[in-house]
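Q: Once you have looked at the hints, place chain A on chain X.
Listed here are the chains, written in short residue letters.
Number of protein chains: 2
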Amino acid sequence: MTGSINRQWILAARPAGMVGPEHFTLREKPVPAPGQGEVLVRTRLLSLDPANRAWMSPAPTYRAPVMPGDVMHGFALGEVVQSNAPDVSVGDLVEGMLGWQDYAVMKATEVARRDARYRPEALMGVLGITGLTAYYGLREVGRPKPGETVLVSAAAGAVGSFAGQIAKIEGCRVVGTAGGPEKCAWLTQELGFDAAIDYKSADLRAALKDACPRGIDIYFDNTGGAVLQAALFQMNTGGRIVCCGNLSQYNAEKPGPGPMGVPGLLVVKRLRMEGFIVMDYFATRPQAEATLAKWVEEGRLKAQEDIVEGLENAPAALAGMFAGRNRGKLLVRVA
Amino acid sequence: MTGSINRQWILAARPAGMVGPEHFTLREKPVPAPGQGEVLVRTRLLSLDPANRAWMSPAPTYRAPVMPGDVMHGFALGEVVQSNAPDVSVGDLVEGMLGWQDYAVMKATEVARRDARYRPEALMGVLGITGLTAYYGLREVGRPKPGETVLVSAAAGAVGSFAGQIAKIEGCRVVGTAGGPEKCAWLTQELGFDAAIDYKSADLRAALKDACPRGIDIYFDNTGGAVLQAALFQMNTGGRIVCCGNLSQYNAEKPGPGPMGVPGLLVVKRLRMEGFIVMDYFATRPQAEATLAKWVEEGRLKAQEDIVEGLENAPAALAGMFAGRNRGKLLVRVA
Chain X
0 MTGSINRQWI
10 LAARPAGMVG
20 PEHFTLREKP
30 VPAPGQGEVL
40 VRTRLLSLDP
50 ANRAWMSPAP
60 TYRAPVMPGD
70 VMHGFALGEV
80 VQSNAPDVSV
90 GDLVEGMLGW
100 QDYAVMKATE
110 VARRDARYRP
120 EALMGVLGIT
130 GLTAYYGLRE
140 VGRPKPGETV
150 LVSAAAGAVG
160 SFAGQIAKIE
170 GCRVVGTAGG
180 PEKCAWLTQE
190 LGFDAAIDYK
200 SADLRAALKD
210 ACPRGIDIYF
220 DNTGGAVLQA
230 ALFQMNTGGR
240 IVCCGNLSQY
250 NAEKPGPGPM
260 GVPGLLVVKR
270 LRMEGFIVMD
280 YFATRPQAEA
290 TLAKWVEEGR
300 LKAQEDIVEG
310 LENAPAALAG
320 MFAGRNRGKL
330 LVRVA
Chain A
0 MTGSINRQWI
10 LAARPAGMVG
20 PEHFTLREKP
30 VPAPGQGEVL
40 VRTRLLSLDP
50 ANRAWMSPAP
60 TYRAPVMPGD
70 VMHGFALGEV
80 VQSNAPDVSV
90 GDLVEGMLGW
100 QDYAVMKATE
110 VARRDARYRP
120 EALMGVLGIT
130 GLTAYYGLRE
140 VGRPKPGETV
150 LVSAAAGAVG
160 SFAGQIAKIE
170 GCRVVGTAGG
180 PEKCAWLTQE
190 LGFDAAIDYK
200 SADLRAALKD
210 ACPRGIDIYF
220 DNTGGAVLQA
230 ALFQMNTGGR
240 IVCCGNLSQY
250 NAEKPGPGPM
260 GVPGLLVVKR
270 LRMEGFIVMD
280 YFATRPQAEA
290 TLAKWVEEGR
300 LKAQEDIVEG
310 LENAPAALAG
320 MFAGRNRGKL
330 LVRVA
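One line per chain: the protein sequences are X and A, in this order.
According to numbering that gives the first Met the number 0, the first sequence is numbered sequentially starting from 0.
According to numbering that gives the first Met the number 0, the second sequence is numbered sequentially starting from 0.
In isolation and in its complexed conformation, chain X is listed as follows:
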């Protein structure tokens, strides 16, 4: 059923540094009505991702920035509660850029139907953009071979935890970096990583040498910054750096210098550093989803979700993600 109030988180001010609840204002509006070709979607699960922070900066990324006064952008899973479009039915489970709000009016072409056989949390995590980002990034960009060493940064995060587990499935030696001993223990004891490095305490370069005695063949980079710098020196000839994210920089007021060794080490070691966007691989999305679902079912891929209850808690949850408080895929349950 449709309530009568639509709560919306508005970008109140662009953060200069670390994002926090003070950058958002909660507003209440009437639930909007869909026009012709449009649907009304009730948000169920809101995905919180490092990219949310990037969209709050004035520089365009792969999408336009959020403007102050706008509803905060966010990817979400929702249920169609009203439809003026022939291909979409009330009750359909759909995903799209619904934003940080209870209800969104969307063009039917702006949402994608999801398979209600799966858990909603899985649809937003291991079987959603997050899982697919890890899957395509590791397989299509990284191109792992059995026996290779794969390093994953922010390995206790959503994409990282999947990327590392998929690398294990591919037969690689897998090392993760994470913040704090609890997360590190979780990586090795629960997720099957071969080693984990606490980036907050360790001498990174020495710890990487220890954990990767045969060097690094693939570095799945979610962070940039210090881990990228240390990894570059340990890369093997012919190595690949999958540029998935730049977590260490999203809250920086101005961009720091790039890593030493670019481009020198790329030339000498014939390295490839490559950014990607998951949508470029969507031609094979059904097969990829089926593979991920099978791995989950077989117990080879653990789909950890970290659920925050209530739309009202979204800003604090986003800040918490950058403080390293989540483990696995961070979602806000809205309804």
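No false leads were mixed into what you were given.
Copies of one chain are not kept apart here, so a pair can be met inside one copy or by any two copies together.
Each computed DMTMM-like pair below joins lysine to aspartate or glutamate, with the alpha-carbon atoms no more than 20 Å apart:
no., residue 1, residue 2
1, 268, 279
2, 144, 279
3, 106, 91
4, 208, 193
5, 167, 189
6, 28, 69
Keep in mind the hints are simulated off the structure, nothing from the lab.
A: Below, chain A without anything else, positioned relative to chain X:
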């Protein structure tokens, strides 16, 4: 005929900064005799390349560094004057790491026979490692499409001048950077570049914007440094950076910081930065050489060589290359 003296340039001391004649000593030795399975080669043309400087540093590159007291490493074309190997005949034209000396004893497996139908200078330039580096780097790593914009740094140098011309043949808009107005004029008037930028005088970022109004799709990077930094900001989504060399850093005492925007721009614009080594593509070398030879014959590819006479002038010529004095492929005629 074989003379009785073998002049050899010895690495006297590792340069800390810019390389100069003071880092070499000329020594005279008797001409050596080849053992079983070996050949004696008389050096005819010595190739001078930015990589020579890299080999003088203590850090290993794709080959071991030259040690003080060693004959300076160098790639060269020579003539077999004595052979104790069944597959190699006196009079054969061969290439290999003969070093900076009049004569070298080589295992037969360490030299490769070249086709004496071609000019020796072409064999060391457009039809040698230099031309092939430009050819494979642009085509296999850069993967140009007609209509794309290609930027080449050190475009008046050996590899750069070929890479730019090959990009024109591939139907691209081609912009080069070079030092000084004369080289820039040569690029546009003689080699057919669409635009040239004097990196010494220009506001690089503004000049790149002007010269590349539709952004940069491929940056063929021979220099790293300031041109790479400026280019990164002008790269189009899906762009490729061919990491061929790092000329701006070879004489640096310690590595500078990397370019800002790595890895952030790689993520956001889905860029690929990739190093390569020409030998990885040698399975198709005969076809590549034939293609290059055909382009030269048709007048579509100008093979500019800059010849220094006499082995005694090799150290000064190498220093001159880093001072930007050569145009096209720099060779020392030894005999």
